[in-house]
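Undergrad: Next come the chains, spelled out residue by residue.
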Amino acid sequence: GENVEQHPSTLSVQEGDSAVIKCTYSDSASNYFPWYKQELGKGPQLIIDIRSNVGEKKDQRIAVTLNKTAKHFSLHITETQPEDSAVYFCAATIRTALIFGKGTTLSVSS
Amino acid sequence: DTAVSQTPKYLVTQMGNDKSIKCEQNLGHDTMYWYKQDSKKFLKIMFSYNNKELIINETVPNRFSPKSPDKAHLNLHINSLELGDSAVYFCASSSHYNEQFFGPGTRLTVL
Numbered sequence: 001g002e003n004v005e006q007h008p009s010t011l012s013v014q015e016g017d018s019a020v021i022k023c024t025y026s027d028s029a030s031n032y033f034p035w036y037k038q039e040l041g042k043g044p045q046l047i048i049d050i051r052s053n054v055g056e057k058k059d060q061r062i063a064v065t066l067n068k069t070a071k072h073f074s075l076h077i078t079e080t081q082p083e084d085s086a087v088y089f090c091a092a093t094i095r096t097a098l099i100f101g102k103g104t105t106l107s108v109s110s
Numbered sequence: 001d002t003a004v005s006q007t008p009k010y011l012v013t014q015m016g017n018d019k020s021i022k023c024e025q026n027l028g029h030d031t032m033y034w035y036k037q038d039s040k041k042f043l044k045i046m047f048s049y050n051n052k053e054l055i056i057n058e059t060v061p062n063r064f065s066p067k068s069p070d071k072a073h074l075n076l077h078i079n080s081l082e083l084g085d086s087a088v089y090f091c092a093s094s095s096h097y098n099e100q101f102f103g104p105g106t107r108l109t110v111l
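Top line first, the protein sequences correspond to chains P and F. Numbered per our numbering, the first sequence finishes at 110, counting up by one with no gaps. Numbered per our numbering, the second sequence finishes at 111, counting up by one with no gaps.
No lab work stands behind these hints: they were computed from the structure. The model shown is predicted, which means the values in this text are computed figures rather than measured ones. Each hint should be verified, as a subset may be incorrect.
To be verified - Simulated pairs of lysine to any residue, SDA-like, Cα-Cα distance not exceeding 20 Å: (1) Lys52(F) x Gly1(P); (2) Lys37(P) x Asp38(F); (3) Lys44(F) x Asp70(F); (4) Lys42(P) x Lys52(F); (5) Lys41(F) x Lys58(P); (6) Lys41(F) x Ala70(P); (7) Lys71(F) x Ser20(F); (8) Lys40(F) x Thr96(P); (9) Lys41(F) x Val54(P); (10) Lys41(F) x Ser9(P); (11) Lys36(F) x His76(P); (12) Lys41(F) x Thr78(P); (13) Lys41(F) x Gly16(F); (14) Lys36(F) x Glu2(P); (15) Lys44(F) x Thr24(P); (16) Lys36(F) x Ser107(P); (17) Lys41(F) x Pro8(P); (18) Lys41(F) x Thr10(P); (19) Lys40(F) x Thr105(P).
What the hints assert, rightly or not - Below, a sample of chain F positions facing chain P; criterion: calculated Cβ distance under 7 Å: (20) Lys41; (21) Ile45; (22) Met46; (23) Ala87.
As the list claims (entries may be wrong) - One-sided and incomplete, this derived list gives chain F residues near chain P with beta-carbon spacing under 7 Å: (24) Phe42; (25) Ile56; (26) Glu99; (27) Phe102; (28) Gly103; (29) Gly105.
We put the beta carbon where it would ideally sit given N, CA and C, even for glycine.
Next comes chain P alone, as it looks inside the complex (with noise of 0.2 Å):
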C-alpha cells in the first residue's frame, strides 16, 4: 500500500525566515497531495493542495510543488509568521482515502 514518509519531524525558524519541508511517497497511482495545518486542540485543516498533473502551486506565503518523477512534494512557506507555528502534514490519496506523513512540527520564534 502508499507509504508517505515526511522530514523533518521537527523544524525551528525565525520570524521572517523561509520554512520547507518534504514528503516522498511510493504509490504511483496517488495523484492527490494536500497539505494541512494543525493547531493544538484543533483537527486538521487544508492549507493547500495540489494534483498530479500540476507541478508548482502557489496561495500568497506558502506554494506546493511536486516531482512525479521522483515521487516528492514539498511545502514551502515564506516570510514565516509566530502564527504559522503548529504541526504540518501531508499527504497523498490513495481508494480515496488519504495516507498522511508523520508530521513536521514548526516553530517560528520572534
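Start from chain P and add chain F according to the hints.
TA: Relative to chain P, chain F alone:
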C-alpha cells in the same frame, strides 16, 4: 454553521465499556471518514463511507463498527474498550475526490 461536528469532544471511560462517537456534516458531501490520531500525532485512516456504503475498512479490530444512517452522519461505535484505544478520533467529509474537511476531534481516554 459548523461544517463537520463531532460529539462528544472528550470521552473518559473504563476498560471494557462500549461507547459511541457521533459525526455530522452539513456540507452536502457524499463521502465521510474516520481517522485515528495516536499519542505521537500519527493520523491513520480507519473507515470511509460513500453514500452510506462502506468503501474502505483498514486493519481495524472488529470491536470498531461504523454506522451511517444517512449521507450526513457517520457514527463510530466501539465495543469492549481497551487501553490502546485511547487516542483522538477525527471525522472528515469530502465531495467525491476533493478536499477533506475535518471535525474538531474526540479525545478518548480509556482508564
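Undergrad: Hint Met46(F) vs chain P: min CB-CB distance below 7 Å?
TA: The hint is violated - Met46(F) has no Cβ within 7 Å of chain P, the shortest such distance being about 9 Å.
Undergrad: Could you grab the alpha-carbon distance between Lys44(F) and Thr24(P) and see if it respects the 20 Å cut-off?
TA: It holds: about 17 Å lies between the C-alpha atoms, which stays within 20 Å.
Undergrad: Below or equal to 20 Å on CA atoms is what counts here, so check Lys40(F) against Thr105(P).
TA: holds (11 Å)
Undergrad: Are the Cα atoms of Lys41(F) and Ala70(P) separated by 20 Å or less?
TA: Outside the cut-off at roughly 27 Å; violated.
Undergrad: Run the distance test for Lys41(F) versus Val54(P): straight-line Cα separation, threshold 20 Å.
TA: violated (29 Å)
Undergrad: Using Cβ atoms only, decide whether Ile56(F) comes closer than 7 Å to chain P, and label the hint accordingly.
TA: holds (5 Å)
Undergrad: Check the hint pairing Lys41(F) with Gly16(F) against an upper bound of 20 Å on the C-alpha distance.
TA: With a Cα-Cα distance of about 25 Å, the restraint between Lys41(F) and Gly16(F) is violated, given a limit of 20 Å.
Undergrad: Quick one, are Lys37(P) and Asp38(F) close enough, alpha carbons at most 20 Å?
TA: Measuring from Cα to Cα gives roughly 17 Å; hence the hint holds.
Undergrad: Tell me if the straight-line CA distance from Lys41(F) to Thr10(P) falls inside 20 Å.
TA: Holds. Lys41(F) to Thr10(P) sits at ~13 Å (cutoff 20 Å).
Undergrad: Could you check if Ile45(F) really has its C-beta closer than 7 Å to a C-beta on chain P?
TA: holds (4 Å)
Undergrad: Under the criterion of a CB-CB separation shorter than 7 Å, is Lys41(F) in contact with chain P as hinted?
TA: holds (5 Å)
Undergrad: Given the hinted pair Lys36(F) and Glu2(P), is their alpha-carbon gap at most 20 Å?
TA: Answer holds: Lys36(F) to Glu2(P) is near 17 Å, not above 20 Å.
Hints 1, 3, 4, 5, 6, 8, 9, 11, 12, 13, 16, 22, 23 from the list above are not met by this structure, while the remaining hints are.
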